[in-house]
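Visitor: Residue numbers (our numbering), protein chains in the order written: chain A, 1 to 514; chain B, 1 to 298; chain C, 1 to 317; chain D, 1 to 317.
Honestly, the hints are just simulated from the structure, not real lab data. Cβ atoms here follow ideal geometry from the backbone N, Cα and C, with glycine treated the same way. One or more of the hints may lead you astray.
Said to hold, decoys possible - With a Cα cut of at most 25 Å, we get these calculated PhoX-like pairs of lysine-lysine:
(1) K198(C) - K357(A)
(2) K357(A) - K208(D)
(3) K198(D) - K323(A)
(4) K489(A) - K323(A)
(5) K247(B) - K138(B)
Unchecked claim - Pair by pair, the computed Cβ-Cβ distance ranges are:
(6) G149(D) - G348(A): 49 to 57 Å
(7) E279(B) - L286(D): 51 to 59 Å
(8) T98(B) - Y28(C): 54 to 62 Å
(9) S387(A) - I144(D): 51 to 59 Å
(10) G150(C) - K283(B): 25 to 33 Å
(11) V98(D) - T171(B): 49 to 57 Å
To be verified - Coverage of chain D stretches by chain C, computed from C-beta distances (three or more under 8 Å per stretch; other residues unrestricted):
(12) 37-45
(13) 117-131
(14) 245-258
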Amino acid sequence: MPSDVISPVGHSTVGSLLRAPFISARGIAKSFGGNHVLRSVDIDLYPGEVVGLLGENGAGKSTLMQILSGGLQADAGSIEMHGKPICFLSVAEGIAAGVSFVHQELSVIGALSVAENLHLGRMPKTKLGFVDGSAMRTAAGRILARVGASNIDPLREAGTLRAGEQQLVEIARAAARDPSLLILDEPTSSLTPHEVEGFTAYVREARNRGAAIVFITHRLEEALALCDRIVVLRNGSIVSEGPARETSREQIVTDMTGKPAIYEHRPRHIPATEIALKLENVSDGRHLHEVDLEVRKGEIFGLFGLVGAGRTELLDLIHGVRKLKSGEIKLFGEKHVVRDPSVSVRSGVVIVPEGRKTAGILPLHSVRDNASISSLRRFSRSPFKNSSREKQRMEEFRASLGIRMASDDQRISTLSGGNQQKVIFARALMANPRLLLLDEPTHGVDVGAKVDLYSIIAREAEHGLTVVMASSEVPEILALCDRVAVLSKGRLAGVLSRNEMTEDHILTMAFREH
Amino acid sequence: EPPKGGTIAAVENTKGPIKIAFLSFQNNPFWTPVTEGAAAANGYLSNSNATVDFVDLGNTLSAEAVVAGIEGALAKKYDGIVVVPIFDGTARIINEATEAGVPVFNIIAEGAAPSERLAFIGQDATSAGRQIGEYIAKRMNGKGKLGVITGYFGATQHTQRMNGAIDYLKTEFPEIEIVGPFENKDKAEAAYSLTQDMMTSNPDISMIYVTAGGPFGAAKAVKDLGLTGRVGVVGFDHTPDNMQYLKTGEMVGLLDQAPYQQALDASVMLYNYLVAGKEPPSKVIPVVGKLLTPADAK
Amino acid sequence: MGGVEAIRALGRQREASVLVMLAAVAIYLSFASDYFLEPRNLLNVGRQASVVAIVALGQALVIIARGIDLSVGSVIGLSAVVAAVLMRDTGSETVGLVAGLLTGLACGLVNGVLYTRFRINPFIATLGTLSVARGMALLMTGGIPVTFGGFAEFVGAGRIAGIPVSLLVMIVLAVAVHIFASQTVRGREIYAIGDNPKAASLAGVNLKRTRLFVFAFSGFLAGLGGLILAGNLASADPNLGMGYELDVIAAVILGGTALSGGRGSIVGVIIGALLMALLNNAFVLLGISAYWQVVTKGLVIIFAVGLDGLQRGAEED
Amino acid sequence: MGGVEAIRALGRQREASVLVMLAAVAIYLSFASDYFLEPRNLLNVGRQASVVAIVALGQALVIIARGIDLSVGSVIGLSAVVAAVLMRDTGSETVGLVAGLLTGLACGLVNGVLYTRFRINPFIATLGTLSVARGMALLMTGGIPVTFGGFAEFVGAGRIAGIPVSLLVMIVLAVAVHIFASQTVRGREIYAIGDNPKAASLAGVNLKRTRLFVFAFSGFLAGLGGLILAGNLASADPNLGMGYELDVIAAVILGGTALSGGRGSIVGVIIGALLMALLNNAFVLLGISAYWQVVTKGLVIIFAVGLDGLQRGAEED
Ligand SMILES: Nc1ncnc2c1ncn2[C@@H]1O[C@H](COP(=O)(O)OP(=O)(O)OP(=O)(O)O)[C@@H](O)[C@H]1O
Ligand SMILES: Nc1ncnc2c1ncn2[C@@H]1O[C@H](COP(=O)(O)OP(=O)(O)OP(=O)(O)O)[C@@H](O)[C@H]1O
Ligand SMILES: [Mg+2]
Ligand SMILES: [Mg+2]
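With the sequences and hints as input, model every part of the structure.
Guide: Structure below.
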């Protein structure tokens with residue numbers, strides 16, 4: 001998708017060599033417990049340059065940036081800013097020195113308005129010492145417009161915004177500080193193509209103003225289109241570095257993973273006989289209207305739509321989170337009465353939900369507990385849990401999904417995002433499902449892991465598992481799906497078969513009701 | 001003729017209808033005879049065109065509740081108020097009511113701070129403590145160990161009852177050793193545990209004095225420890241729980257405050273004052289508690 | 001229509017259902033008792049709500065910031081006792097009153113430091129100070145109430161043009177705290193740290209200082225509440241305020257503040273405190289028996305919040 | 001070394017600091033008082049902790065599931081009263097005891113339904129039942145305690161081979177609940193919904209049923225606690241258990257359970273309850289002067305948890 005949104009023009013022509021670096025780090029090392037996350041990393045960031053920092057999940061990208069911004073302290077190494085050694089002991093010191101960080105995890109304050117969020121930590125005051133609401137509102141409007149989000153009302157409570165809009169608010173918050181160093185850690189993961197456009201324009205503007213920018217993403221096309229220089233991190237060391245123009249997607253993937261990893265769609269024959277899932281005239285009374293669908297057993301069925309199209313709602317309906325207003329859902333020919341997700345899970349309908357942090361992980365629990373939570377009742381006929389079965393299945397899934405962790409007793413919150421997502425996959429697959437629902441399954445997942453996940457999905461489908469997958473990434477749909485249904489504003493715009501699927505076609509349908 | 005248990009007769013009503021508010025709490029059996037006394041007064045005075053309305057101040061005893069109750073009674077334009085003020089902090093509102101022309105009759109217990117009430121009928125907590133102290137000394141033959149359990153640290157009535165006894169014993173019977181005091185927050189189960197622990201660390205205790213709620217918990221502990229007859233419990237109030245242990249012998253003394261009579265007499269005296277301006281016999285009408293002993297329980 | 005829209009918007013506020021409950025009780029009372037609507041009675045209700053409401057203002061900020069302060073009841077007692085003892089011993093009213101307020105502030109600071117520096121869960125830290133402060137009040141007085149009067153008595157029991165001074169104090173403070181919470185930087189930061197402490201901290205909000213502030217403020221208001229309460233009673237009892245913490249927290253939560261932090265309004269707090277005072281007034285006016293009072297109080301609390309829950313329906317948690 | 005490692009691992013447990021405090025108080029007492037180490041005294045401490053501990057077992061599950069149950073104190077009273085009244089009126093002990101336990105269960109179910117179906121914040125819902133249950137107990141008895149004896153008295157006050165029966169009951173229940181919480185599916189699900197309710201629900205944990213379960217269980221144990229407490233006194237007072245909720249919650253939190261849910265251990269709960277009982281025992285054994293008892297209790301609570309906070313250092317909340 002993003003390749004045509006971000007045009008590969010306008011690279012900075014000023015050679016990096018001509019300037020002094022804004023920040024320059026030498027020999028940065030960091031480990032957590034016995035886990036060496038960074039091993040002697042050297043990096044220079046120049047004003048007026050966009051650096052794409054790429055690497056697999058857990059490569060250490062976020063950790064490195066946290067160290068540069070003052071959120072973490074390095075175990076070894078030195079950092080110089082404008083040639084002077086510095087050592088930020090807190091985020092506040094980093095902010096004061098002109099570093100802005102858009103974090104990987106959404107961190108808007110839901111209870112505050114958008115305008116307040118944008119000014120948090122430095123709200124303007126009137127002469128009397130009160131918050132200057134009108135100044136804040138005007139400034140907020142201006143900043144939002146800069147990142148292409150002028151449609152967001154500055155007075156709205158931030159908690160009521162969509163994830164993508166919240167992400168834009170965070171970008172705007174960083175932008176508002178006119179930072180000298182702007183760190184963007186997977187800022188685009190829940191943006192629509194349109195929103196990505198506004199974002200791109202802002203990044204270019206900031207670069208032209210002389211900001212040093214670090215852009216972390218798992219969407220390689222975006223990185224290639226937007227960045228001047230690409231730095232690839234693997235296992236805590238920099239493995240390649242060079243101008244974006246001189247590298248390619250394939251080269252980056254090889255650098256990241258140590259091997260070329262391309263997932264090829266293999267056409268499969270799906271017997272037309274058994275209908276696994278049938279939706280008849282399904283409405284939820286709010287977001288979805290009269291949806292009819294048929295998904296065959298063993299099929300990988302895509303759901304595409306723009307943000308707000310109702311993909312999540314549709315999956316929620318099937319999973320029983322949301323109540324059916326009218327219509328009927330049939331599962332393998334039987335009426336599927338959904339009262340509660342727990343009933344669905346027991347009848348073999350599982351989900352990998354959107355929003356890993358809010359709806360996916362149990363942050364205080366171990367990796368194993370996270371993976372087994374959906375299967376406890378299946379593993380054991382008695383009220384007692386079956387720990388050995390859990391351990392054994394965990395080990396199988398660790399191996400088959402390639403989950404990187406020190407031990408399965410480790411808290412899941414200490415894993416990198418992509419590995420957390422694999423654990424959620426393990427949870428779903430462990431429950432031995434008949435129907436697997438995936439909502440944005442590869443958000444924040446690196447290419448290597450993505451390929452792993454694609455293979456896993458395809459393998460499971462091969463074995464007869466039915467998969468319904470909502471995704472915002474057209475390449476993903478194209479790579480994986482046997483058919484795709486396109487939703488537009490809560491209505492079914494159409495279903496495309498494999499040979500009808502093209503990027504153009506899909507996007508046109510998605511805009512139908514707009 | 002006053003009803004049974006009352007000692008004051010009502011005068012003739014020449015004033016027209018009279019409304020008296022009777023403000024009291026209700027959180028344990030102690031209050032039952034108070035309520036009954038108020039009801040009896042209402043029945044008796046209804047013949048004289050007067051009503052006594054019982055207003056329940058709830059089940060948490062506090063000065064604020066009393067203040068709110070009096071404020072409410074003033075808003076409802078009662079002619080007179082009978083109240084159980086208990087706390088020091090109630091003097092101000094009582095004065096305010098008196099100034100507003102609504103006489104207030106205090107019963108059972110009042111704070112140490114003086115107020116402009118019409119009169120107070122009740123037991124003086126310090127002398128009640130002393131009365132019990134005398135009894136304790138007699139039972140202990142002037143020597144030995146006495147364990148003390150008080151309701152709430154800092155509750156005036158409890159402290160006065162406690163000090164009334166302790167001060168008396170310290171000066172008159174220095175050979176009696178005091179263990180404690182410990183706080184049981186008016187809870188019988190806490191009295192039980194405290195008694196158990198006191199008997200552990202002072203096996204020679206021969207008497208336990210509980211100043212407020214839950215004395216029967218101490219009695220039950222004595223019983224469970226098999227010390228009946230060797231250790232006695234003294235406390236306050238003629239409630240069914242306490243009486244039971246008075247019968248079986250763990251409880252050896254209970255000081256009763258005649259709450260029924262206090263409630264009835266106070267209401268009638270207030271009525272007499274309202275219709276005939278007849279002042280009560282004195283500002284403070286002491287009620288000498290009746291000390292119930294095992295002999296009374298038989 | 002603007003009007004209808006406004007009512008709808010009101011209905012979406014969390015405090016709305018408590019307001020409805022308050023109105024329902026008030027309307028019922030105005031029929032059931034001839035005395036309820038008398039200005040004097042209404043002012044009494046206001047006065048009776050005032051101390052709980054004032055202390056609840058501080059508690060609300062603590063809870064919005066994701067803390068809890070169980071010590072307020074004891075701080076009420078300790079501040080009153082310190083003020084009264086110093087007033088008695090120095091003969092200076094000013095010294096006494098200032099010392100009382102500073103005592104409240106100091107208790108709040110201790111709570112705040114225990115939380116921010118010693119990382120003790122606020123529930124436990126303030127449960128500890130609850131006990132320590134009460135013990136100190138008892139030690140200072142030997143358990144015997146101290147007479148307390150003068151200006152504090154005027155604030156606690158006096159009236160200006162018929163209106164109880166403590167009610168006026170409450171109104172002024174409520175307005176001030178409302179403006180503080182909604183219009184100042186510190187106020188907004190309190191909401192931010194309650195909603196998402198980590199994100200707020202990353203955005204540059206000073207977590208420790210803000211937390212320290214809310215606890216100190218809560219302690220200060222509890223101290224003020226203690227002075228008013230003791231002034232009203234003209235007596236500083238070391239047991240003053242015992243058990244207040246539950247009433248105060250209930251007022252805050254009835255008013256729609258979430259225990260999980262980040263949400264809550266000052267208006268709601270005042271409505272919550274008024275509802276509780278109104279119930280007590282109703283019991284006295286209607287002469288309801290103590291046991292039914294206890295039952296009724298529980299039912300009203302459940303209904304007041306239940307309305308809100310039902311209205312929200314299957315929304316979320 | 002294995003031993004050192006084991007001690008390190010222990011130190012990382014949240015309950016460790018309370019255990020250290022418990023040990024410190026116990027060691028001090030064994031020097032300061034000749035009576036402390038007497039088996040009889042130790043057993044007394046165990047008995048005194050037993051009711052709080054039993055009720056705290058249920059409360060711990062509620063808090064781990066991100067709830068709170070303020071009604072336990074009143075449920076203790078109501079269950080005892082129901083049991084005693086029915087025993088008196090029907091003459092059957094079995095009817096009485098079963099009715100008492102069912103009353104506790106019913107109160108818990110009501111709390112659970114108010115939370116899960118009517119979406120009332122558990123703090124408010126259980127504050128409501130706190131009041132309603134107490135009122136019902138008072139209404140049933142007219143405020144007058146009812147004699148209670150027989151088997152319940154044996155459980156509450158009896159001994160088997162010198163060991164208090166209620167202590168044995170507590171030990172058996174603690175072991176059972178520990179196994180339940182750590183080894184059963186339902187137990188694991190309780191931790192999961194406390195950690196992240198939304199994620200747990202999507203993963204197939206039945207939120208409503210699990211929440212209903214923990215509240216019902218807490219009510220049931222409170223009912224059992226009521227029977228034991230009343231049995232101990234051979235009397236069912238409608239005011240029985242008043243204020244217990246704070247002791248019970250304090251025991252749970254002292255034991256390292258997080259009020260924010262998802263974390264907590266049953267062993268910790270028992271240690272917390274023992275620490276509180278040990279303190280009361282210490283006051284009597286050492287004859288600590290009245291008001292210092294109150295101060296000391298607060299300080300010990302703060303220290304017990306403060307140790308943990310300091311050790312964790314700058315980690316995070
Ligand atoms: N606080 C922590 N404690 C322990 N381990 C940690 C901690 N933070 C990060 N790690 C580990 O450090 C490694 C690097 O994590 P980091 O977040 O830097 O990866 P990343 O490159 O940003 O990955 P992703 O693309 O998934 O965001 C991971 O293995 C992670 O598990
Ligand atoms: N018009 C709207 N106004 C407010 N909120 C909306 C609107 N449409 C959708 N939403 C909310 O925005 C969120 C995202 O929308 P939805 O789940 O329908 O999108 P989707 O098709 O799943 O897309 P994505 O998952 O990419 O966000 C949902 O929580 C939904 O309730
Ligand atoms: Mg990262
Ligand atoms: Mg979605």
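Visitor: For K357(A) and K208(D), compute the direct alpha-carbon distance and say whether it is at most 25 Å.
Guide: Holds. K357(A) to K208(D) sits at ~22 Å (cutoff 25 Å).
Visitor: Given a hinted range of 51 to 59 Å, is it respected by the beta-carbon distance of S387(A) and I144(D)?
Guide: Roughly 53 Å apart at Cβ, these two residues keep to the hinted range, so it holds.
Visitor: Per the hint of 25 to 33 Å, is the separation of the Cβ atoms of G150(C) and K283(B) within bounds?
Guide: holds (27 Å)
Visitor: How does the Cβ-Cβ distance of T98(B) and Y28(C) compare with 54 to 62 Å: does it lie in that range?
Guide: violated (33 Å)
Visitor: Can you confirm whether the C-alpha distance between K247(B) and K138(B) stays at or below 25 Å?
Guide: Judged against 25 Å, a Cα distance of about 20 Å means the pair holds.
Visitor: Measuring from beta carbon to beta carbon, are E279(B) and L286(D) in 51 to 59 Å?
Guide: This hint holds: roughly 54 Å between Cβ atoms.
Visitor: Check whether the Cα positions of K489(A) and K323(A) lie no farther apart than 25 Å.
Guide: Given pair K489(A), K323(A) holds - Cα atoms ~19 Å apart, limit 25 Å.
Visitor: According to a criterion of three or more residues whose C-beta lies within less than 8 Å of a C-beta of chain C, is the stretch 37-45 of chain D covered?
Guide: violated (count 0)
Visitor: Mind checking the alpha carbons of K198(D) and K323(A) for me, to see if they're no more than 25 Å apart?
Guide: Given that 25 Å is the threshold and the Cα spacing comes to 16 Å, the pair holds.
Visitor: Starting from the range 49 to 57 Å, see whether the pair V98(D) and T171(B) falls in it by beta-carbon distance.
Guide: At roughly 56 Å between Cβ atoms, T171(B) and V98(D) fall inside 49 to 57 Å, so the hint holds.
Visitor: For the pair we were handed, K198(C) and K357(A), check the Cα-Cα distance against 25 Å.
Guide: holds (14 Å)
Visitor: Just to make sure I understand the rule, a stretch counts as covered if three or more of its residues have a C-beta closer than 8 Å to a C-beta of the chain. Does the stretch 245-258 of chain D meet that for chain C?
Guide: holds (count 6)
When the structure is compared with the earlier hints, violations turn up for hints 8, 12 and for no others.
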